[in-house]
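S.K.: Quick note, the sequences are listed as chains A and B, same order.
Taking this note's numbering, the leading residue of the first sequence gets 9, the next gets one more, and so forth.
Taking this note's numbering, the leading residue of the second sequence gets 9, the next gets one more, and so forth.
Simulated from the structure, these hints should not be mistaken for laboratory data.
For clarity, every value in this text was computed on a predicted model and none was experimentally measured.
It cannot be assumed that every hint is accurate.
Partner residues are not named here, just some residues of chain A that face chain B (Cβ under 8 Å, in silico) [said to hold, decoys possible]: (1) 64; (2) 67; (3) 83; (4) 183; (5) 186; (6) 188; (7) 190.
By construction, the Cβ of each residue, glycine as well, lies at the ideal position given by its N, Cα and C atoms.
Here is what each chain is made of, one letter per residue.
Number of protein chains: 2
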Amino acid sequence: MGRHVPTTQKDVPRMAKIAALSGFPEWLPAERLVEQHVLDVFREVAELHGFSGIETRAVEPLEQLLRKGEIDKEVYVLRRLHAEEGDEDAGADRSRTLGLHFDLTVPLARYVLEHQNDLSFPFRRYQIQKVWRGERPQDGRFREFYQADLDVIGQNSLPGHIEAEVAMVMAEILDRLPLPSFTIHANNRRLSEGFFRSLGFEDHTAVLRSLDKLPKIGADAVRELLINEAGASAEQAEACLAYAAIRTSDTSFAQQVRDLGGSGEMLEQGITELSAVLERVEASVPGVVVADLSIARGLDYYTGTVFETFVAGHESLGSICSGGRYDELAADNRHTYPGVGLSIGLSRLVSRLLSAGMAAPTRTVPTCVLVSVADEAHRGQSDAAARQLRSRGISCEVAPSAAKFGKQIRYADRRGIPFIWFPGADGTAGEVKDIRSGDQVPADATTWQPPAEDLRPRVLAAETQDAAEAQD
Amino acid sequence: MGRHVPTTQKDVPRMAKIAALSGFPEWLPAERLVEQHVLDVFREVAELHGFSGIETRAVEPLEQLLRKGEIDKEVYVLRRLHAEEGDEDAGADRSRTLGLHFDLTVPLARYVLEHQNDLSFPFRRYQIQKVWRGERPQDGRFREFYQADLDVIGQNSLPGHIEAEVAMVMAEILDRLPLPSFTIHANNRRLSEGFFRSLGFEDHTAVLRSLDKLPKIGADAVRELLINEAGASAEQAEACLAYAAIRTSDTSFAQQVRDLGGSGEMLEQGITELSAVLERVEASVPGVVVADLSIARGLDYYTGTVFETFVAGHESLGSICSGGRYDELAADNRHTYPGVGLSIGLSRLVSRLLSAGMAAPTRTVPTCVLVSVADEAHRGQSDAAARQLRSRGISCEVAPSAAKFGKQIRYADRRGIPFIWFPGADGTAGEVKDIRSGDQVPADATTWQPPAEDLRPRVLAAETQDAAEAQD
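One chain only, chain A, in its complex shape (with noise of 0.2 Å):
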C-alpha cells in the first residue's frame, strides 16, 4: 500500500491536455469547505439520533444491480485492464460481472442480508457515499455524486411511530444547512389509497399515475386523464382534484378529506399515521411540515409515510431530500426487512449551494494564525509557537518563507488567514496582530485564545437570495 512510486522521473504525469470532465464536479477548497460542512451537519446530526455511520463497497454484482430494470443504461461496469481467462469480470456471465452503485439502497439491502446476525435491529443507519450513473451529463445531471442516505430497519416488523422520527431527524438536518426556507410536504399511502378506494376507485395506481403529471400538465389535463385513462367519472375527477389540492400545515387535513367524502378503515388509519408526523415534526422544528396530498410519486413503492422536500426559490432542484416507509427493503427465507428511509442528492444541492451563492466560507484555508518567521535560523521558534498553539486546537501554519513581514502578512491576506503571529526572543511570549483590524497586541502562546468564530472557518448562509434561481 501506501504511495504508490512511479518507477522513473520521466514517468511523473507531464500532461499534455487538461480538462474538466462533464458530469464529475470537483470543487476548488473553498467549495470544498461547503461541501464538507454539509457532510458534516448530516454525520452530526444523524449521530445525534443514534444511527450508526456505515459504509459499503462502491460496486455489487452486475444481476444484482439489474434488478431494478429501468435503469440498466445508468450502470457503470466495470473490467480489470488484462483481466485473464476465468477472471470474473472477463465474461459475460452477469453473476460474476461488478458494477458501480447508483444508489445506496441496493447495497443496503444487501449489507442487511448478508451481516443480519451481526447487527442489532431496528438497524439505525446513515450513509455518505459516492454513487455512478452514466446518464447524458448535458441534462445538467451528475455522473458522479455524493448521496446521503438514512434509514432505520426493522427485522420483521417496524412500529409505525419510526416514520415521524426520520421525518423529525430529516428537519433538523436541513434545518441546520445554509438554505433558505425549506418545506417538507408530507403524504401517506393508506390515505391516498384509502380516499380514492372509498370514491370507488378498483386501481388507484392509475389515478397517482395521473396526478403525479399535475405540477407539469396542470390541472385540466390531469382531468382528461383521470377520465379517459383512469376511469374516472367527472365527478371522481373532480374529487381527486380536490383531494391533491389539499394542502395544511396543521391536522386539518383530515377532516377536508372527510368532506370530500373519504371514509373507511385503512385511510383512517393513514389520518393518524400523518397526524403523529405533522405533530412530531412540528414539536421538533417549527414551521416546516405541510400535509401535501399532491404528492402521487413513490406511493406505489412507499407503503406509508411518504416525503419530498423543496427549497423556497429553488422549486427547479425538485426535492432535495425524499424518504418514507417501505414494507421490504430486503426480505430471505427466514425475514423481511422493513424501513423507513430519506435520501438527500447531496452534491446537486451543494453545486446549487455555490452556483447561487447561498453559502460560502468565512476563510479559504483551515488556518487561524499564520506564525511568521523571522530568519530562517529561528524557525524551531516558530515551530515551538505554532506547537502550544494547535495543543490548544488552533489550526497554524509556520510561514514557508522568512520573507519580509509584510509578504508574510499578504500571504495570510490572501487566504484569509485571521491572525499572524510573531514569536518573541525567548519561550512562548510573542505579539499576535488580527490582519482585518490590523490591531497587534501582546500574547502567550500557551494562553492566547481566538474568538470562538475565528476558530475554524464557517459556512455562513447568504443573507439575501435574490434571483438565486437565475444563476443556476
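Put chain B on the given structure of chain A with help from the hints.
M.R.: Here is chain B on its own, set in the frame of chain A:
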C-alpha cells in the same frame, strides 16, 4: 436525484446469493467506528497544520492512468452498460475511456494543473478517498481501499524545510492513532547519492537496487549483487553495507557517513537536510524518528528526504506511511510543480488494527442515552426529553417500543448505550440510570451532563499487543 424508487414492489431485491467479495473490505458498525476514528484523526491533524481538504473525481482518462507503465493490469476500466456509438466509453480510444484512480497522486497532479490559476501556492492539501486496484486479492491485497494523502505543492520552487514539516505532521498523525510503538525511518536521496558517488560509483541506481534487497536476502547476498551487478570492488561493497547499517536517532549518522569516506557538496547537503528532519521531528514528537540509511526504495523518484514508517510487532504490514520530496509532481509549458507528501494505506492499517485487536470502540453505537417510553401515549414526553439532551450535544435514541423497562434496558445494554432516561410526568424532570453501575438518580434534561468520556464512543488502543502479529 434523491432516492431511487423501484418501479414496482416486486423489484425490491430478494437476493438469492449474498456473498462477501474478496478484496472489497466492508465493516460492521463497530468496526466502522475504528475506521472513522482513523479518518478523523488524519483530518484533524491535517487541518491543525493548515491543510485544505479536497476530493477529486474517482475517474481519470485511461491514458493518464497508464502513463505509469508497470501497473496497467491494476486499472479498473469503466464502460456504460448500454454505451452508444460515439460515446466516450464505447470505443477503444484510450483518451476518451475512463478508469478508476488507483492512487491519489495522479489525480493530484491533474488537479493542480487544471486548477493552477485558482490555487494559492504553496498549496497545502490533504485528501482521503477510496482508490481501486484490480490486484489479485489472494495476496491479501485490497481491490478497494482508503488512501489518505497529504502534500505541500510549490509552483516552480519549494523550500527544503517543508520536508521536516511534513514529517512532523506524519509523526503527529501516527502518534494519535491507537498504534503500539511506531518508528519513522528517514533517509535522503542526496545523502545516499552523494555517498555512493564519493565512493566512486557512477551508477548509484544499481547500488540502490541491490541495497533495496537487504531485508529479503541479507547482507551476504547483497554483497554478491553489489560486486556482480553494481560493479563494486570488495572494499566498495563493504562500505555500502556499512553505510546501509547506519541507524541513529540523533544526528550522529553524519560523522559515521564521513568516517566511511563520504564527502562532497551533495553529501553535505543531504546531511544538513536529514539532520533538520531529525531535529524538528524530535522536537515535535520525541522518540519516533530515526535516520535509517538502508532505505533505498523510492530514491529513484524522491529527490530529497524519503520516509517509511514501521509498527513494532507488525513489520509484516510493510511501511504504513511513506513519503518524501519529489521535484516534479506535474509540469506544463509554464510551470513545474515540486512537492513533499506522505501517504497512508489506511484500509490495510485499519484491517490490521481490527484483526489484531489493537483498537476497539467503547460502544457500538453513537447513542449515549436511551430515552425510555412508558407507553405510546407518552412518546411525545420522551421526544421532548431527547430534544433537550440533543440540544446540548448528547446523542439520544427514543426507545422503539413501549416495552417493559427491563426490555428497554436490555436494548440499551446490548448496544453498549451507557445511560437510560426515564422521563417524569411533567416537563424536563426525570431520572437517569447508569446501566453499568445500576445507579439511578433524579435529573433534569436541560442540565444533566454525562461524563465527558461517555459523550461519544471512543476508540481505545488495546493494552497488550501480544501475539498480534499471529492473528493477521
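S.K.: Look at each hint and say if it fits the structure.
M.R.: Against the structure, the hints:
no.: 1; hint: 64; in the structure: 6 Å, holds
no.: 2; hint: 67; in the structure: 6 Å, holds
no.: 3; hint: 83; in the structure: 5 Å, holds
no.: 4; hint: 183; in the structure: 12 Å, violated
no.: 5; hint: 186; in the structure: 18 Å, violated
no.: 6; hint: 188; in the structure: 19 Å, violated
no.: 7; hint: 190; in the structure: 14 Å, violated
Consistency note: the structure conflicts with the earlier hints numbered 4, 5, 6 and 7.
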